[in-house]
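This is what each chain is made of:
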Amino acid sequence: MGRTIFDKIWDGHAIGGPSDDADLLLIDRILLHERTGGVALKSLSARDIPVSAPDHVFAVMDHIVDTFPGRTSKTLMPTGTEFIETTRAGAQAAGIRLFDLDSPDQGIVHVMSPELGIVLPGTTLICPDSHTCSQGALGALAWGIGSTEAEHALATSTLKVQRPRRMRITISGRLGPGVTAKDLALALLGRFGVGGGAGHIVEYAGSAVEALDIEQRLTLCNMATEFAAFSAIIAPDTATIDYLKGRRFVPAGGDWNRAVEDWLALSSDPDAEFDTELSFDASGVAPMVTWGTTPQQVVAIDGAVPAADDAGQTGAESRERALRYMGLEPGTPLESLAIDAAFIGSCTNSRIGDLRRAAEILDGRKVAPGVKAICVPGSSTVKRRAEEEGLHRIFQRAGFEWRESGCSMCFFAGGESFGPQDRVVSSTNRNFESRQGPGTRTHLASPETVAASALAGHIADPRKLAA
Amino acid sequence: MEPFTTLTAVAVPLMRDNIDTDAIIPSREIRSVSKKGLADGLFAGWRYLAIGGRDPDPGFILNDAALKNARILVAGENFGCGSSREHAVWALAEYGFRAIVTPSFNPIFRNNCLANGVLPVILDRAVVEPIARGLGAAPGSFLTVDLEEQELRDEVGGRWRFDIDTEEKQALLSGLDPIARTLQQSSAIASFRDRDAQARPWAYSSIGRS
Ligand code: SF4
Numbered sequence: 001m002g003r004t005i006f007d008k009i010w011d012g013h014a015i016g017g018p019s020d021d022a023d024l025l026l027i028d029r030i031l032l033h034e035r036t037g038g039v040a041l042k043s044l045s046a047r048d049i050p051v052s053a054p055d056h057v058f059a060v061m062d063h064i065v066d067t068f069p070g071r072t073s074k075t076l077m078p079t080g081t082e083f084i085e086t087t088r089a090g091a092q093a094a095g096i097r098l099f100d101l102d103s104p105d106q107g108i109v110h111v112m113s114p115e116l117g118i119v120l121p122g123t124t125l126i127c128p129d130s131h132t133c134s135q136g137a138l139g140a141l142a143w144g145i146g147s148t149e150a151e152h153a154l155a156t157s158t159l160k161v162q163r164p165r166r167m168r169i170t171i172s173g174r175l176g177p178g179v180t181a182k183d184l185a186l187a188l189l190g191r192f193g194v195g196g197g198a199g200h201i202v203e204y205a206g207s208a209v210e211a212l213d214i215e216q217r218l219t220l221c222n223m224a225t226e227f228a229a230f231s232a233i234i235a236p237d238t239a240t241i242d243y244l245k246g247r248r249f250v251p252a253g254g255d256w257n258r259a260v261e262d263w264l265a266l267s268s269d270p271d272a273e274f275d276t277e278l279s280f281d282a283s284g285v286a287p288m289v290t291w292g293t294t295p296q297q298v299v300a301i302d303g304a305v306p307a308a309d310d311a312g313q314t315g316a317e318s319r320e321r322a323l324r325y326m327g328l329e330p331g332t333p334l335e336s337l338a339i340d341a342a343f344i345g346s347c348t349n350s351r352i353g354d355l356r357r358a359a360e361i362l363d364g365r366k367v368a369p370g371v372k373a374i375c376v377p378g379s380s381t382v383k384r385r386a387e388e389e390g391l392h393r394i395f396q397r398a399g400f401e402w403r404e405s406g407c408s409m410c411f412f413a414g415g416e417s418f419g420p421q422d423r424v425v426s427s428t429n430r431n432f433e434s435r436q437g438p439g440t441r442t443h444l445a446s447p448e449t450v451a452a453s454a455l456a457g458h459i460a461d462p463r464k465l466a467a
Numbered sequence: 001m002e003p004f005t006t007l008t009a010v011a012v013p014l015m016r017d018n019i020d021t022d023a024i025i026p027s028r029e030i031r032s033v034s035k036k037g038l039a040d041g042l043f044a045g046w047r048y049l050a051i052g053g054r055d056p057d058p059g060f061i062l063n064d065a066a067l068k069n070a071r072i073l074v075a076g077e078n079f080g081c082g083s084s085r086e087h088a089v090w091a092l093a094e095y096g097f098r099a100i101v102t103p104s105f106n107p108i109f110r111n112n113c114l115a116n117g118v119l120p121v122i123l124d125r126a127v128v129e130p131i132a133r134g135l136g137a138a139p140g141s142f143l144t145v146d147l148e149e150q151e152l153r154d155e156v157g158g159r160w161r162f163d164i165d166t167e168e169k170q171a172l173l174s175g176l177d178p179i180a181r182t183l184q185q186s187s188a189i190a191s192f193r194d195r196d197a198q199a200r201p202w203a204y205s206s207i208g209r210s
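Residue numbers (the working numbering), protein chains in the order written: chain A, 1 to 467; chain B, 1 to 210.
Isolated chain A (complex conformation):
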């Protein structure tokens, strides 16, 4: 019987060979950030346990750092400095590469690691952060863990993991103009529910996936954790190779040639068996907007707050709570909802392509009066690149704030936030209660939809504005 791409990577990393129980897997790359990584480093050093392969570990400041111009290690979050300093000291003591506040490569961990070529096809990669699944877009087996597991990985270069089941989602057709991987990810959540991928590693395949560029694949895989999946993966192809070529931490010379050969051979065999197979047609997907407090509570932009959940999984109580929290009535058209704020950022949607597409919509236009609009590039590299292209001027002239890179207002850690009951249209990945600030009401959407809505002052379909 054939094997899936997941099986090939897993079996190749199982120390002592794969078994029926949990396997001990070799971990090729470990990423850390100051929010969950510092505590792992601190706890290891308190126990005098050394980091086994510091060269394979990369740390970055992204979560707690402020994103205002001229930021320092002091943060709006009252105790944020402690997280930054603990991580800095821990990384230094362990000899771990750190992309600190002043590094030109600093950025959201899931944005900067593909940019630098830290993530490679066929490798295992972990980070104490749930959106690590993003990196599966490059054909890596990458998944999120907790801090204690990170300690184990740091100390031993291994993790004991139970093999997930295999799922393939074959996405046929092609996304229409103005419709993006974000809309696709939301549409999948709407169809299959936030528990849809539970217990599975999801391989995304099919014509619509192959047509996505690497940034869009990162966006699609990013939301696999919202799908309750162990992770997601997309087989590497020539687009993957082209993307990685020449990046800082990719192999060079003969090793590169050998790597490319290995990578292009890495895919699921034609007769590979999956525990679950789903299919989905991308052609009919519209820009999607969430109305509730889980990402599966989502409808097409020209739709209304539904009378009942499509995925039928959240239950009546959760649904009632969501309506109350969001201040909504069933039947309300999404496009009629006035917004207080618009946010473009996060590991889902803050790469250069995202900013370019949003800028195209904003070019020569103005944000509606009273709407607070913020753009936070996903990495310092993205920011520099955008500035070279003049995108920052377009954002600023439209009325957007233009920030330093970081997680920023994707989540509220005690520093900066949107106000209670503020309605925010956001290119992020989580619309949980109080995720972006106490009482804040989040509507998830693509960067294009956020841009169009910022201009209109209410949730708006970007296709109507496209240049």
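Accuracy of the hints is not assured; some may be wrong.
To be verified - In silico EDC-like cross-links for lysine to aspartate or glutamate, where the CA-CA straight-line distance does not exceed 20 Å: (1) 169/B <-> 20/A; (2) 68/B <-> 40/B; (3) 35/B <-> 85/A; (4) 35/B <-> 48/A; (5) 42/A <-> 177/B; (6) 36/B <-> 404/A; (7) 35/B <-> 416/A; (8) 372/A <-> 388/A; (9) 8/A <-> 273/A; (10) 169/B <-> 21/A; (11) 245/A <-> 255/A; (12) 68/B <-> 196/B; (13) 74/A <-> 416/A; (14) 169/B <-> 2/B; (15) 8/A <-> 277/A; (16) 169/B <-> 196/B; (17) 464/A <-> 363/A; (18) 36/B <-> 196/B; (19) 8/A <-> 317/A; (20) 366/A <-> 335/A; (21) 36/B <-> 360/A; (22) 464/A <-> 320/A; (23) 8/A <-> 40/B.
For the record, the hints were derived by calculation from the structure and aren't laboratory data.
Bear in mind the structure is a predicted one, so any value in this text is a computation, not a measurement.
Got chain A; can you put chain B with the ligand on it based on the hints?
Frame of chain A; chain B with the ligand shown alone:
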């Protein structure tokens, strides 16, 4: 880690689905680089009347006096979804919870439970719902979780078997430190790596081998 054998304790029913880690421990409650000091922030958004405040919301179940010494939580589907923050488990454990019963867990959260000696018990929704209803009808009732026998029992004769991976079960029963256990295999790991570096030089060369 404290070994887990058998636990008989007050159980709390919290049958919402998709309870996320932001709800279990809001970011704003994580104030220091520590695994401690989190119990007060557990379910803070639901437990207290005002954001950041400490006045208990009488409508939230954990504030029921009969449930004060609860150590078992019975919850809805997809428990622990969202952010991977282990603080969610640290907060639950510090508050006193040692076992969580649900139809399904988020995978990262489940692993975090195991890493902290909190037992994840998965049972069908058709089993969990009546148990929760029973607990709701008689606040302060006990459940027993018997890991050796892999059995959950209530006070009125109900018994339900649950599954758990053999290795995970042994780890919980022994309470042994996972790092120390793996380090015993250091030489096997090192030779695996050496062979791997021959087979996949590209995975090592670009970052410099340590
Ligand atoms: S941008 Fe948001 S979702 Fe992504 S890593 Fe940062 S906090 Fe997490």
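So, going through the hints one by one against the coordinates:
Restraint check for residue 169/B and residue 20/A: the C-alpha separation of about 15 Å stays at or below 20 Å, so the hint holds. Distance check on the hinted pair: residue 68/B and residue 40/B sit about 13 Å apart at the alpha-carbon level, within 20 Å; holds. For the suggested pair residue 35/B and residue 85/A, the alpha carbons sit about 17 Å apart, so the restraint of at most 20 Å is met. Proximity of residue 35/B to residue 48/A is assessed by CA-CA distance (about 17 Å); at most 20 Å being required, the pair is judged to hold.
For the hint pairing residue 42/A with residue 177/B, the CA-to-CA distance comes to about 17 Å; that is within 20 Å, so the pair holds. A C-alpha spacing of about 32 Å is found between residue 36/B and residue 404/A, which places the hinted pair above 20 Å, so the restraint is violated. Restraint check for residue 35/B and residue 416/A: the C-alpha separation of about 24 Å exceeds 20 Å, so the hint is violated. For the suggested pair residue 372/A and residue 388/A, the alpha carbons sit about 25 Å apart, so the restraint of at most 20 Å is broken.
Of the pairs offered as hints, the one joining residue 8/A and residue 273/A holds, with about 13 Å between alpha carbons and a cut-off of 20 Å not exceeded. Of the supplied pair hints, the one linking residue 169/B and residue 21/A holds, its CA atoms being roughly 11 Å apart against a limit of 20 Å. The straight-line distance between the Cα atoms of residue 245/A and residue 255/A is roughly 12 Å, inside the 20 Å bound, and the hint therefore holds. Of the supplied pair hints, the one linking residue 68/B and residue 196/B is violated, its CA atoms being roughly 53 Å apart against a limit of 20 Å.
Between residue 74/A and residue 416/A the CA atoms are separated by roughly 13 Å; this keeps the pair inside 20 Å, and the hint holds. With a C-alpha separation of about 13 Å, the suggested pairing of residue 169/B with residue 2/B holds against the 20 Å cut-off. Between residue 8/A and residue 277/A, the direct Cα distance comes to roughly 19 Å. Compliance with the 20 Å bound is thereby established for this hinted pair. With a CA separation close to 31 Å, the supplied pair residue 169/B and residue 196/B exceeds the 20 Å bound.
Restraint check for residue 464/A and residue 363/A: satisfied, since their Cα atoms lie roughly 15 Å apart, inside the 20 Å limit. For a cut-off of 20 Å, the pair hint linking residue 36/B to residue 196/B is broken: about 39 Å separates their Cα positions. About 43 Å separates the Cα atoms of residue 8/A and residue 317/A, which puts this hinted pair outside 20 Å; it is violated. About 19 Å separates the Cα atoms of residue 366/A and residue 335/A, which keeps this hinted pair within 20 Å; it holds.
Distance restraint check for residue 36/B and residue 360/A: the Cα-Cα separation of roughly 48 Å exceeds the 20 Å cut-off, and the hinted pair is therefore not satisfied. As the CA atoms of residue 464/A and residue 320/A are separated by approximately 32 Å, the hinted pair breaks the 20 Å bound. Of the pairs offered as hints, the one joining residue 8/A and residue 40/B is violated, with about 45 Å between alpha carbons and a cut-off of 20 Å exceeded.
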